[in-house]
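Novice: Here's the letter readout for the chains.
6 protein chains.
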Amino acid sequence: MNDLLERPRKVYVSRKIEFNAAHRLFNPDLPDDENVAIYGKCSNKHGHGHNYLLEITLSGIVDRTTGFLFDLKELKTILEEEIINRFDHKHLNHDVAELQKCVPTTEVLCVLVWDILEERLGNILNRELALHEVKIYETGKNSVCYLGE
Amino acid sequence: MNDLLERPRKVYVSRKIEFNAAHRLFNPDLPDDENVAIYGKCSNKHGHGHNYLLEITLSGIVDRTTGFLFDLKELKTILEEEIINRFDHKHLNHDVAELQKCVPTTEVLCVLVWDILEERLGNILNRELALHEVKIYETGKNSVCYLGE
Amino acid sequence: MNDLLERPRKVYVSRKIEFNAAHRLFNPDLPDDENVAIYGKCSNKHGHGHNYLLEITLSGIVDRTTGFLFDLKELKTILEEEIINRFDHKHLNHDVAELQKCVPTTEVLCVLVWDILEERLGNILNRELALHEVKIYETGKNSVCYLGE
Amino acid sequence: MNDLLERPRKVYVSRKIEFNAAHRLFNPDLPDDENVAIYGKCSNKHGHGHNYLLEITLSGIVDRTTGFLFDLKELKTILEEEIINRFDHKHLNHDVAELQKCVPTTEVLCVLVWDILEERLGNILNRELALHEVKIYETGKNSVCYLGE
Amino acid sequence: MNDLLERPRKVYVSRKIEFNAAHRLFNPDLPDDENVAIYGKCSNKHGHGHNYLLEITLSGIVDRTTGFLFDLKELKTILEEEIINRFDHKHLNHDVAELQKCVPTTEVLCVLVWDILEERLGNILNRELALHEVKIYETGKNSVCYLGE
Amino acid sequence: MNDLLERPRKVYVSRKIEFNAAHRLFNPDLPDDENVAIYGKCSNKHGHGHNYLLEITLSGIVDRTTGFLFDLKELKTILEEEIINRFDHKHLNHDVAELQKCVPTTEVLCVLVWDILEERLGNILNRELALHEVKIYETGKNSVCYLGE
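Chains as they are written, first to last, in this note's numbering: chain F, 1 to 149; chain B, 1 to 149; chain D, 1 to 149; chain A, 1 to 149; chain Z, 1 to 149; chain W, 1 to 149.
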């Protein structure tokens, strides 16, 4: 079946999930006034928060039998376990072990999500399936993406 | 000028603003297990956060000279002073005086914003200009509105 | 606690869910050409489909202890059982018993969702909690709402 | 057919259309400095513009045979003829006859669209079909609605 | 005219269109239980449906006389004829000849739209105008893109 | 601090701003009928307008101390001074010096914004910080992007 897939076709498949978290932008290695100069009101003591919208993109060759790049049910399970459980309804500065040595900017969060997913996907990734991009919208106006470079 | 306005026309004018805040749903009058039963992961100790989207609606008669219900530059100033300064980049449980005796649910936040704006608009409100609605989207999925009832 | 709630406050709380379904607009009591005249390409034999976005609004008095109008975890369970299970990934004309005698327009779907929820919520509804509105967006451009009138 | 419609059901059906237009907020009966004080940069000489998003809502009883409140193909034709032809890709101050005596604010535009549609729908409107609301989003942040009051 | 275009400038121009279709994910070469294991509720017998949002991106050098990459009126006609006529208000499994040997996943649909447009644009494409990307959002959460690789 | 940043990480940071402007697509070097053939109703004499949504993307290495690619407060100032002041609430054909020899299509606008920002960012740009992309959405359906090629 599926003669459109007779020759290999490389596609990019994206899935969005949302998590709601608090964070504070503050570098304890720097004096308070420098933190205010760099982070402004983002450095307020008790933190503030966001509805983070995360978009994961996988790339690779469409499977000839299923017509899928990857089983989205499996991806959903992975994202629940690795992302939602770790970040959703958490305070990023207090509750996430991997961020204890980091200022939890959106840039850093993107890099962390990439590292987490790359390790988790590990043996699933192969010549025909790659983690392509992690994109996080902190607000409707600001976003960051990381491609593993 | 403006013969479309020869007879009084009642309109509803809405303006959206966004603020980013942390909150924790937790009632200190209740035991911990009851808080967990009621609020689930929303009761996590250090809180989480949202991009709150607030929509204010005024109603009243369009001014025949300006074609406006209300000067949006003035409304913008009021919203900056009363809402953004009070809530943006804050932790609602720790940083907002008016919420010290409240569980900062979206319902409570709606009621508070109404009370704040009603007091501030005070002498501006008259027979031809009313505060009509305060609506808050906590996420893209959940919203609450309050009409002063 | 919660002195903002010392006097009763009536709020409207909305929650959105999405379901993906196929439907065909076709009235078997009418001749084919009349169906085409009324429904155009919406009457195509095998049907077409939509990402239906459903918004449920409850109204009532905010609870003084919890700061909630209604437990959203409970609402989520109800919507899963009554709406998602019944409509999601279904063909409305073939798979939904309640629509067997209906042309499954968005108007009809709105009325049906209201009737289902009103029956299910039944003994939960009281003087302080009402089903206020069922709104369905068939596409980003078209929507219908029903308030039980 | 359609036993859900055995008793009359009142619904609200909304349709969105977009038009792109230029306008200038300027009242020629007032001196220039007063125009600047009232309208700020919206009074710039050559005008500016918007993607206006217009939402029309009709209300009434669902038809038992069709399951529709109103034939959306007919509504589409009406909106093309009355709204798109009149406003789309126009400069509201120069090109729209009905606005020659008006400052083309969104409030005024809402009232004008209502008047145009009420006249056009004229003999279609009856006890079971009413024009309910005209809503215009000037930007994603600002909107006005008019209900004929 | 247009001295900004004195040197060649390569841009990417995107246009979105929507079509509403039903589909069923089911591979007749596989036993039923395997279909359920792979496609879950997406394999329901009569199908379900989506508001598919399609975004086409062309790339190339801006024309010095017109300031356009490509005449969007012509692109609109092509998309009406090739995409809307073929997919809108159809059941992809029953009504689309090109999909008869395929499981109509979003991946496969992306590849098919690319092949259709590449053939149709054929002699229009040249060194200065290329089909760059076909992106399809199946829902607000899931999307696939194909770049002809 | 920030051991996630021990090795250099290249990210892409995007920020959206909106400006509202009028424009007319008309090339004075061509006869009127040719302008109508090319630009259709976009060539109407007094112009029309849009809510232009502009997305700027910078790329480069995340700073180890701040966790930022670039200070968004500084970017905001630059965008206010260079983009908002120049384009917002203006008629692109009459009020923007740089467009006097251009047909102000979205393609041309993208190229111009790139040139303006590249010059302004000038000495800020270095081996670790680049201007990556300028994207403009003219409407929700049409967009153009330019990457400096």
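Incorrect hints may have been included.
Claimed, not checked - Counterexamples of contact, computed for chain B against chain A with all Cβ distances above 10 Å:
| no. | residue |
| --- | --- |
| 1 | ASP3 |
| 2 | VAL11 |
| 3 | ASN27 |
| 4 | LEU30 |
| 5 | LYS45 |
| 6 | ASP71 |
| 7 | THR77 |
| 8 | LEU117 |
Stated by the list, open to error - Footprint (simulated), chain F over chain Z, 3 or more residues, beta carbon under 8 Å:
| no. | stretch |
| --- | --- |
| 9 | 61-71 |
| 10 | 75-82 |
| 11 | 92-104 |
| 12 | 107-115 |
Worth flagging that the hints you see were computed from the coordinates, not collected in a lab.
Computed from a prediction, not measured in an experiment: that's the story for all the values here.
In this text, a Cβ means the ideal position worked out from N, Cα and C, and glycines have one as well.
Novice: Each hint needs a verdict: does it hold in this structure or not?
Specialist: Hint check results:
The non-interface label for ASP3 (chain B) is inconsistent with chain A: the shortest C-beta to C-beta separation is roughly 5 Å, within 10 Å. With a least beta-carbon separation of about 5 Å from chain A, VAL11 (chain B) fails to lie farther than 10 Å from that chain, contradicting its non-interface assignment. No beta-carbon of chain A comes within 10 Å of the beta-carbon of ASN27 (chain B); the shortest separation is about 35 Å. Every C-beta of chain A lies more than 10 Å from that of LEU30 (chain B), the closest at about 39 Å, which supports listing it as non-interface.
LYS45 (chain B), annotated as away from the interface, keeps every beta carbon of chain A farther than 10 Å; the closest lies near 35 Å. ASP71 (chain B), annotated as away from the interface, has a beta carbon of chain A within 10 Å; the closest lies near 7 Å. Listed as outside the interface, THR77 (chain B) is consistent with that label: its C-beta sits roughly 13 Å from the nearest C-beta of chain A, beyond the 10 Å cut-off. Under the 10 Å C-beta cut-off, the non-interface status given to LEU117 (chain B) relative to chain A holds; the minimum distance is some 17 Å.
With 0 residues having a beta carbon nearer than 8 Å to a beta carbon of chain F, the stretch 61-71 of chain Z misses the requirement of three or more and the stated coverage is violated. Coverage of a stretch by a chain is defined here by at least three residues with a beta carbon nearer than 8 Å to that chain's beta carbons; for the stretch 75-82 of chain Z and chain F the count is 0, and the condition is violated. For the stretch 92-104 of chain Z, the assignment as covered by chain F holds, since 5 residues bring a beta-carbon within under 8 Å of that chain's beta-carbons and 3 suffice. With 6 residues having a beta carbon nearer than 8 Å to a beta carbon of chain F, the stretch 107-115 of chain Z meets the requirement of three or more and the stated coverage holds.
When held up to the earlier numbered hints, the structure conflicts with 1, 2, 6, 9 and 10 and fits the remainder.
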